[in-house]
Amino acid sequence: MKPRIGITSSVNKRDYESEDRDVVMLPWNYPSIIEECGGTPLILSEGSDPYSVLDALDGLIIAGGRDVDPSNYSQEAAPETTDTRLSQDHWEIALIIEAKRRKIPVLGICRGHQLIAVAHGGSLYQHLPTTSPFESHGAWGGNWSKHVVEVMGGTSLASILDGHCIVNSAHHQGVSDPGTLTINARSEDGLIEGLEDGESDFFISVQWHPEALGQKDLISALVNASSST
Amino acid sequence: MVRPIIGVTAPTRVTKWGPWDMDATVVPATYAIAIVQSGGIPVILPPDDRMPDVIHALDGLVISGGPDIDPSMYGAELDPNTLDTYPLQDQREKLLIEAAIETDLPILGICRGMQMMCVVEGGRMHQHLPSTSGHESHGSWNGGVSDHHVELVPGTLVHSELGGEVSVNSTHHQGVEHAGSLVVTGRASHDGLIEAVEKPSHRFFHGVQWHPERINQFEMYSALVRAARGS
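Taken in sequence, the protein lines are chains A and B. Using this note's numbering, the first residue of the first sequence is number 1, and each one after it goes up by one. Using this note's numbering, the first residue of the second sequence is number 230, and each one after it goes up by one.
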């Protein structure tokens, strides 16, 4: 059987079949790139018992999405922090902790990267456009921005990606404190762009969106690590 | 296995995501909630054009509601009232249903899902109930929901789960004209339209035309989860 890769989804209000319904949703490029890299994508839905979910998975992606509720890192919400959902935060944090304990490979993307930092005692910048010197991050007017990240030598990420790579950016928050995790990538302005735990075979998070960039190296590495568990 | 893994089919649609309109896999949250409430683990299955080897990762399967089935699936011409069709979604669900039959995987079809079960088993559809003699006033559609009653056939699983007559929510403009090789287990009380079907030779193969997950009617979901658990 191909490695089963779970991907967390978001519940949002959308006009779907009828107006303003709660829908479970995830951009199509996540399952699509997992298929292309040889895995079986399974989209996970908030509320599912994390322990039972992980019994059925070989690998896990904590996907991009809404802002993390600042109460998770002991801050008041800034005015720019909107659309939080504490129940989703708690569900995904439980998945992160339990997957790590079981040594199931984990890849955090964007919100997933930020949540992984928070789950390890880290903290976030709530709005980069007003945080010097990180004003240029993010997507504006519907366009991704692009920038270079430097991957730190000797890290797990460095064994997967080149030392310098151009990445896409679509976030207004960022990791200010990595908690107990190791920084494996930074952008030119110094923002933390990647984290890993330094112990697990595959426990990596990145601020950018490899699924939208078509960065198969990273997704294939997750699928390969998942097939050996 | 305490909590079985239940797949839910889902389409990919252009949907608002952050500042973009993006292709996203999207399905009403009520399916996942019903499965969690019934003791299962929902996993959402995006449509794709590959062989459904995902079936091996599942203990049970829900074919969810959605758009009209392409009439070419049941050898009919396209009626002008048949709305947008999604051939990729049709093919994917057909393959999944066939794979579920082959592997005796428990399967529950909801609304379009029941219709797809019938089509896969050789049935065919009324393409527009409001212009189908005898079914003109079946109920609301196009986003609207109405209530009517369904009479269930004694001796069937739906009857033992829901009783002889059940009040259901109705939100469809197409209906099953012929259930193919499936057995009809329920009909609308007011116009006799096929509302529930089963395949008795299969471990658990049931379809209902209504949306039990939207009215907290979890009996059929619980029955699916029990079957998926093998108990």
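Derived from the structure by calculation, the hints contain no laboratory data. Quantities reported herein were computed from a predicted structural model and do not represent experimental measurements. Warning: the hint list may mix true and false statements.
In silico DSBU-like cross-links for lysine-lysine, where the CA-CA straight-line distance does not exceed 30 Å [said to hold, decoys possible]:
1. LYS103(A) <-> LYS216(A)
2. LYS428(B) <-> LYS323(B)
3. LYS146(A) <-> LYS245(B)
4. LYS13(A) <-> LYS245(B)
5. LYS2(A) <-> LYS100(A)
6. LYS13(A) <-> LYS103(A)
7. LYS146(A) <-> LYS216(A)
8. LYS245(B) <-> LYS323(B)
9. LYS323(B) <-> LYS2(A)
10. LYS216(A) <-> LYS428(B)
11. LYS216(A) <-> LYS2(A)
If you anchor each label on the Cβ, the simulated ranges turn out as follows [as the list claims (entries may be wrong)]:
12. GLY198(A) <-> ARG432(B): 45 to 53 Å
13. LEU317(B) <-> ASP49(A): 29 to 37 Å
14. GLY373(B) <-> SER87(A): 46 to 54 Å
15. ASN143(A) <-> VAL374(B): 33 to 41 Å
16. GLU76(A) <-> ASP282(B): 30 to 38 Å
17. ALA94(A) <-> ARG458(B): 20 to 28 Å
18. GLY214(A) <-> GLY351(B): 38 to 46 Å
19. VAL374(B) <-> GLU98(A): 48 to 56 Å
20. ASP308(B) <-> LYS103(A): 39 to 47 Å
21. ASP282(B) <-> THR84(A): 32 to 40 Å
22. VAL243(B) <-> GLU80(A): 55 to 63 Å
23. SER301(B) <-> ASP162(A): 30 to 38 Å
Calculated from the model, a selection of chain B residues having no Cβ within reach of chain A, i.e. all distances over 10 Å [unchecked claim]:
24. GLY236
25. GLY363
26. GLY372
27. LEU386
All residues carry an ideal CB built from backbone N, CA and C; glycine is no exception.
We went through each hint and held it up to the structure:
Taking the CA atoms of LYS103(A) and LYS216(A), the gap is about 22 Å. The hint holds against a cut of 30 Å. Between LYS428(B) and LYS323(B), the direct Cα distance comes to roughly 16 Å. Compliance with the 30 Å bound is thereby established for this hinted pair. Restraint check: the Cα-Cα separation between LYS146(A) and LYS245(B) comes to about 22 Å, which is no more than 30 Å; the hinted pair holds. Between LYS13(A) and LYS245(B) the CA atoms are separated by roughly 10 Å; this keeps the pair inside 30 Å, and the hint holds.
For the hint linking LYS2(A) to LYS100(A), the alpha-carbon distance of about 21 Å falls within 30 Å, and the restraint holds. A distance of roughly 34 Å separates the Cα atoms of LYS13(A) and LYS103(A); the hinted pair therefore is violated under the 30 Å criterion. Distance restraint check for LYS146(A) and LYS216(A): the Cα-Cα separation of roughly 18 Å lies within the 30 Å cut-off, and the hinted pair is therefore satisfied. A hinted pair counts as satisfied when its Cα atoms are at most 30 Å apart, and LYS245(B) with LYS323(B) qualifies at roughly 28 Å.
Only pairs whose Cα atoms come within 30 Å are accepted, and LYS323(B) paired with LYS2(A) is accepted, the gap being roughly 22 Å. Restraint check for LYS216(A) and LYS428(B): not satisfied, since their Cα atoms lie roughly 42 Å apart, outside the 30 Å limit. This hinted pair checks out: LYS216(A) and LYS2(A) have alpha carbons roughly 17 Å apart, not beyond 30 Å. The hinted range of 45 to 53 Å is satisfied by GLY198(A) and ARG432(B), whose Cβ atoms lie roughly 47 Å apart.
The supplied range of 29 to 37 Å is met by LEU317(B) and ASP49(A), whose beta-carbon atoms lie about 32 Å from each other. Checked against the given bound of 46 to 54 Å, the beta carbons of GLY373(B) and SER87(A), roughly 30 Å apart, lie outside it. For ASN143(A) paired with VAL374(B), a C-beta distance near 40 Å keeps the hint of 33 to 41 Å intact. The supplied range of 30 to 38 Å is broken by GLU76(A) and ASP282(B), whose beta-carbon atoms lie about 48 Å from each other.
Distance hint for ALA94(A) and ARG458(B): a CB-CB separation of about 23 Å, consistent with the stated range 20 to 28 Å. At about 42 Å, the CB distance of GLY214(A) to GLY351(B) agrees with the hint of 38 to 46 Å. The beta-carbon spacing between VAL374(B) and GLU98(A), approximately 39 Å, falls outside the hinted interval of 48 to 56 Å. Distance hint check: the CB atoms of ASP308(B) and LYS103(A) are about 55 Å apart, inconsistent with the given range 39 to 47 Å.
Separation of ASP282(B) from THR84(A) is about 37 Å and conforms to the stated range, judged on CB atoms against 32 to 40 Å. Range check, VAL243(B) to GLU80(A): about 27 Å between beta-carbon atoms, so the 55 to 63 Å window is missed. Remark: the range hint 30 to 38 Å for SER301(B) to ASP162(A) is contradicted by a beta-carbon distance near 48 Å. Its closest Cβ contact with chain A, about 8 Å, brings GLY236(B) to no more than 10 Å, contrary to its assignment away from the interface.
No beta-carbon of chain A is positioned within 10 Å of the beta-carbon of GLY363(B); the least distance is around 26 Å. Not every CB of chain A lies more than 10 Å from the CB of GLY372(B), the least distance being 4 Å, so the non-interface label is violated. LEU386(B), annotated as away from the interface, keeps every beta carbon of chain A farther than 10 Å; the closest lies near 25 Å.
The earlier numbered hints that this structure contradicts are 6, 10, 14, 16, 19, 20, 22, 23, 24, 26.
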